[in-house]
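Take a look at the letters that make up each chain.
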Amino acid sequence: GAVVSQHPSWVICKSGTSVKIECRSLDFQATTMFWYRQFPKQSLMLMATSNEGSKATYEQGVEKDKFLINHASLTLSTLTVTSAHPEDSSFYICSAREGLAGPTYNEQFFGPGTRLTVL
Amino acid sequence: EDKVVQSPLSLVVHEGDTVTLNCSYEVTNFRSLLWYKQEKKAPTFLFMLTSSGIEKKSGRLSSILDKKELFSILNITATQTGDSAVYLCAVEWGGSNYKLTFGKGTLLTVNP
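Top to bottom, those sequences are chains A and B. Using this note's numbering, you'd call the opening residue of the first sequence number 6 and step up by one each time. Using this note's numbering, you'd call the opening residue of the second sequence number 7 and step up by one each time.
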């Protein structure tokens, strides 16, 4: 089945530093990748949508200069949290979707998530 | 305003009980409704529904969509402690780039 990995699975950093999170589709080509954030006891909130080779589309209220997204290849997207602050501490989850028509055309496959703690 | 509303927000039952989880939505350019189970980590896919009135089943879980009334239900029969989790409903909608909007989830606790 379709597998999406994230790295790292957890990270602790100091306030003011930048953190990069990788999302990889391991056995399929992901033309579209999504980044979500989930605060404790809350649901997943979509942050941005990225299509391979083009700029990400950010949801309202998400700062594009703070959350840099790069989707340079069909199997890799990265999210960089720049100048992280304690309020950025959250669970970040990526998902990937194939672009080809087929039985799994609509399905998003989720990564295992990255827990970010900013001290 | 919330586009995807789940109810109840939490539910406590005993093993063997049957539960029904609800999800209502209001979006433009609806494409599909999905149910996920989340236990500590990322959500795991349960069902994707696109057509009204067609029940999808997987073991003790089943789900159905009503596109006229804009809601879906997820049923779990003969619940087990391993069913304890947050159940998320998400709606795929939009224009050229469909995206998922999640409900707040239903926290199901199954006691032995």
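Calculated from the structure, these hints are not laboratory results. All C-beta atoms in this analysis are idealised placements derived from N, C-alpha and C, irrespective of residue type, glycine included. Incorrect hints may have been included.
Each computed BS3-like pair below joins lysine-lysine, with the alpha-carbon atoms no more than 30 Å apart [what the hints assert, rightly or not]:
(1) B:Lys110 with A:Lys46
(2) B:Lys9 with B:Lys74
(3) A:Lys71 with B:Lys9
(4) B:Lys63 with B:Lys43
(5) A:Lys60 with A:Lys71
(6) A:Lys71 with B:Lys63
(7) A:Lys71 with B:Lys47
(8) B:Lys47 with A:Lys19
(9) A:Lys25 with B:Lys74
(10) B:Lys43 with B:Lys73
(11) B:Lys63 with B:Lys46
(12) A:Lys25 with B:Lys73
(13) B:Lys73 with A:Lys46
(14) B:Lys47 with A:Lys60
(15) B:Lys46 with B:Lys62
(16) B:Lys110 with A:Lys71
(17) A:Lys46 with B:Lys46
(18) A:Lys46 with A:Lys25
(19) B:Lys9 with A:Lys69
(20) B:Lys74 with B:Lys43
(21) A:Lys46 with A:Lys19
Label-pair distances were calculated between CB atoms; the ranges are [said to hold, decoys possible]:
(22) A:Gln65 with B:Thr26: 31 to 39 Å
(23) A:Asp70 with B:Ala84: 48 to 56 Å
(24) B:Asn81 with A:Ser78: 40 to 48 Å
(25) B:Lys74 with A:Glu64: 25 to 33 Å
(26) B:Leu113 with A:Thr62: 41 to 49 Å
(27) B:Ser90 with A:Ile17: 40 to 48 Å
(28) A:Glu27 with B:Gly100: 24 to 32 Å
(29) A:Lys71 with B:Val33: 25 to 33 Å
Hints and how they fare:
no.	hint	in the structure
1	B:Lys110 with A:Lys46	9 Å, holds
2	B:Lys9 with B:Lys74	16 Å, holds
3	A:Lys71 with B:Lys9	26 Å, holds
4	B:Lys63 with B:Lys43	15 Å, holds
5	A:Lys60 with A:Lys71	15 Å, holds
6	A:Lys71 with B:Lys63	42 Å, violated
7	A:Lys71 with B:Lys47	24 Å, holds
8	B:Lys47 with A:Lys19	24 Å, holds
9	A:Lys25 with B:Lys74	43 Å, violated
10	B:Lys43 with B:Lys73	22 Å, holds
11	B:Lys63 with B:Lys46	24 Å, holds
12	A:Lys25 with B:Lys73	40 Å, violated
13	B:Lys73 with A:Lys46	29 Å, holds
14	B:Lys47 with A:Lys60	28 Å, holds
15	B:Lys46 with B:Lys62	25 Å, holds
16	B:Lys110 with A:Lys71	25 Å, holds
17	A:Lys46 with B:Lys46	10 Å, holds
18	A:Lys46 with A:Lys25	24 Å, holds
19	B:Lys9 with A:Lys69	24 Å, holds
20	B:Lys74 with B:Lys43	25 Å, holds
21	A:Lys46 with A:Lys19	24 Å, holds
22	A:Gln65 with B:Thr26: 31 to 39 Å	33 Å, holds
23	A:Asp70 with B:Ala84: 48 to 56 Å	51 Å, holds
24	B:Asn81 with A:Ser78: 40 to 48 Å	41 Å, holds
25	B:Lys74 with A:Glu64: 25 to 33 Å	29 Å, holds
26	B:Leu113 with A:Thr62: 41 to 49 Å	31 Å, violated
27	B:Ser90 with A:Ile17: 40 to 48 Å	29 Å, violated
28	A:Glu27 with B:Gly100: 24 to 32 Å	26 Å, holds
29	A:Lys71 with B:Val33: 25 to 33 Å	27 Å, holds
In the structure shown, a violation is registered for the earlier hints numbered 6, 9, 12, 26, 27, in ascending order.
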